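So you can see what is in the structure, the chains are spelled out below.
There are 2 protein chains.
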Amino acid sequence: MVTIKDIANRLGIAPSTVSKGLNDANDISPDLKKLVLDTAIEMGYVTKKMKKETHKRLCLFIENMQYEHPQDFGFDIILGFRQAAIRDDWEVHIVPITPILQLREPYDRYMMRNNYHGGFLVGFALRDPWMNQLETTTIPTVLFDNCIRKNPNVAYIGTDSFEGIDIAIEHLIALGHTKIALLNGSPDSMITTDRYNAYVSSMQSHGLPVDESLVAHGHYVEESAKYHTASLIKSGATAILCGNDLLAIGVIKECRRMHVKLPQELSVIGFDNIPAAETISPALTTISQDRVDLGRNSFAALYWLIAKVPISKSLLRPELIVRESTAQVRTSL
Amino acid sequence: MVTIKDIANRLGIAPSTVSKGLNDANDISPDLKKLVLDTAIEMGYVTKKMKKETHKRLCLFIENMQYEHPQDFGFDIILGFRQAAIRDDWEVHIVPITPILQLREPYDRYMMRNNYHGGFLVGFALRDPWMNQLETTTIPTVLFDNCIRKNPNVAYIGTDSFEGIDIAIEHLIALGHTKIALLNGSPDSMITTDRYNAYVSSMQSHGLPVDESLVAHGHYVEESAKYHTASLIKSGATAILCGNDLLAIGVIKECRRMHVKLPQELSVIGFDNIPAAETISPALTTISQDRVDLGRNSFAALYWLIAKVPISKSLLRPELIVRESTAQVRTSL
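Here the protein sequences line up with chains H and W, keeping their order. Count along the first sequence starting at 1, add 2, and that's the number in our numbering. Count along the second sequence starting at 1, add 2, and that's the number in our numbering.
FYI, nobody ran anything at the bench for these hints, they're computed from the structure. Please read all numbers here as calculations on a predicted model, not as lab measurements. Do not take every clue at face value.
BS3-like mimics (lysine-lysine), calculated; alpha carbons at most 25 angstroms apart, straight line [unchecked claim]:
#1 LYS310/W / LYS36/H
#2 LYS228/W / LYS181/W
#3 LYS315/W / LYS315/H
#4 LYS315/W / LYS152/H
#5 LYS315/W / LYS310/H
#6 LYS315/H / LYS58/H
#7 LYS228/H / LYS255/H
#8 LYS36/H / LYS35/W
#9 LYS35/W / LYS310/H
#10 LYS310/W / LYS35/H
#11 LYS310/W / LYS315/H
#12 LYS35/W / LYS35/H
#13 LYS152/H / LYS35/H
#14 LYS236/H / LYS263/H
Please work from the sequences and hints to get the whole structure.
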């Protein structure tokens, strides 16, 4: 079990200072207080105050996404959400969900029966039973990477795909690439459409033609790369921009199988910056979404929806992390 | 001067309850506390705590926009911003600004010299001297209706133009209109481009052709309507969607002069919902931006930028306010 001493060691401060931070004392700075609380949550320490019943409850539903271990995509999203919520005394319940469970009870009734003031939905697909119900829900709700039109109670949070794709394409152009392919994810997702539109608009704004033989759609999993990597290379691609890191890792593995040398013969860029992006060889250049910040921003949006401010969407800046999978284009012989 | 009694009368509660709210007492509900504080700020009451020096200071710069009276566009933006900021103990300075003043000192230096932790810029034009500097500023900054690419310290806040234009077009289509014109504002503004793109995408998604003879650009002022109203009608428009309310009011006045009957012969829709939209005859159907909420959301974005969460954009839902300037299309003879 995590103790105050563990937190003190981690931060390199006295245990008494940690106690002050956890007990909201007046003689430590607000910034240090926040840091102590953030660290306590990250390390799984539970204060008396957190154990106390509160009438302020939020529910985070998670589907189609791993979240239990630090390397899982959902882990940091939950961490950031809880860190931000706890500062304002909200209790957060994490509920794994499936379509079957959603069929058992309508969303609004579930939320009201459990006294939740707001919901944060992560990893839902467009076909999920609750998604239709969100068009008319009266419960303040934040959706990660999904957008509901016209309902002032529902906000969309995510990372700005347009800016992400654009900085990736600018990076490739600076390396001399012009034959830039897009290997995108599942066609029934809003994010896929956004990333495709971003690709088209970025290519055009840099004066490059959009060649549909350089665009392919798979799903957001490694093995989709098997079906498209060879044909994209055959169509002349010198670089492949992928809809997420799993697809990019799939491309790297497929190139290994086909003896295509990376990055000399092909540059590859992912999207997300999952932990595996750093450990694969060559290490993956990728567009990073900061998942702790996504979680914090989701709480912020939910907080304001609960206060009746009709937030429609709130997006974070992506950041390009340059590693080893991108290089100067090979001059044609 | 506003007294505690005035606030009590306005809210219909006891003066002692107002005192409790202003003094952060523990025996009134947090919601009532917020309401008391919001009302105090709205009525111009200043508490001792507000008078006290604090090291937490924000600056709101305002340009090209009236803000001193309740009917001014900027008034409620400032109100909402101050209401949200004061709850978290921020001191807010309101500074009217001009391009000349911006030339005197770089933005970052001005902010640091005055100990401001963050800035909120309202009404700036793309050509303003400080706009270029925002591409590299290290000061957390929120811009209303303007977007700076790639700088994680700067966020854009506004109202979702795409959804706004789309609900207006859906309203007109439901009334039988298909010849829907767009009278847009100044061409050198991001918002103008957004609204044009939104118009094109909404028309297309409803299966209507985009006829460039039904699109005109003026400036965001009444008199621009003089140069375009007749020609849009001549091109067959049965409805004119305007880039803001001032343009729409200009169209109404121009139709009055030309003896075009509204809304029987022409439907008109504005954008913003300024107070004049309600008083003109016929009263203007318009896409509303809630300016108090815009102010609150701007503080929220600035708060998170200061906490190093790189918010890129945060948009509010628009709302269609149906009044008298739109009607069923007249069936052609």
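Each hint, compared with the structure:
1. Simply put, LYS310/W and LYS36/H have alpha-carbon atoms about 13 angstroms apart, close enough for the 25 angstroms limit, and the pair holds.
2. Under the criterion of a C-alpha separation no larger than 25 angstroms, the hint pairing LYS228/W with LYS181/W is consistent with the structure, at around 20 angstroms.
3. Distance restraint check for LYS315/W and LYS315/H: the Cα-Cα separation of roughly 8 angstroms lies within the 25 angstroms cut-off, and the hinted pair is therefore satisfied.
4. Restraint check for LYS315/W and LYS152/H: satisfied, since their Cα atoms lie roughly 18 angstroms apart, inside the 25 angstroms limit.
5. At roughly 19 angstroms between alpha-carbon atoms, LYS315/W and LYS310/H fall within 25 angstroms of each other, so this suggested pair holds.
6. For the given pair, LYS315/H sits about 24 angstroms from LYS58/H by alpha-carbon distance, which is consistent with the 25 angstroms threshold.
7. Proposed proximity of LYS228/H and LYS255/H is supported: the alpha carbons are some 9 angstroms apart, at most 25 angstroms.
8. At most 25 angstroms may separate the alpha-carbon atoms for a hinted pair to count; LYS36/H and LYS35/W meet this at roughly 24 angstroms.
9. The straight-line distance between the Cα atoms of LYS35/W and LYS310/H is roughly 16 angstroms, inside the 25 angstroms bound, and the hint therefore holds.
10. Pair hint LYS310/W plus LYS35/H holds up; C-alpha atoms about 16 angstroms apart against a cutoff of 25 angstroms.
11. The straight-line distance between the Cα atoms of LYS310/W and LYS315/H is roughly 19 angstroms, inside the 25 angstroms bound, and the hint therefore holds.
12. For the hint pairing LYS35/W with LYS35/H, the CA-to-CA distance comes to about 24 angstroms; that is within 25 angstroms, so the pair holds.
13. At roughly 39 angstroms between alpha-carbon atoms, LYS152/H and LYS35/H are farther apart than 25 angstroms, so this suggested pair is violated.
14. At roughly 15 angstroms between alpha-carbon atoms, LYS236/H and LYS263/H fall within 25 angstroms of each other, so this suggested pair holds.
Consistency with the previously given hints fails for number 13 only.
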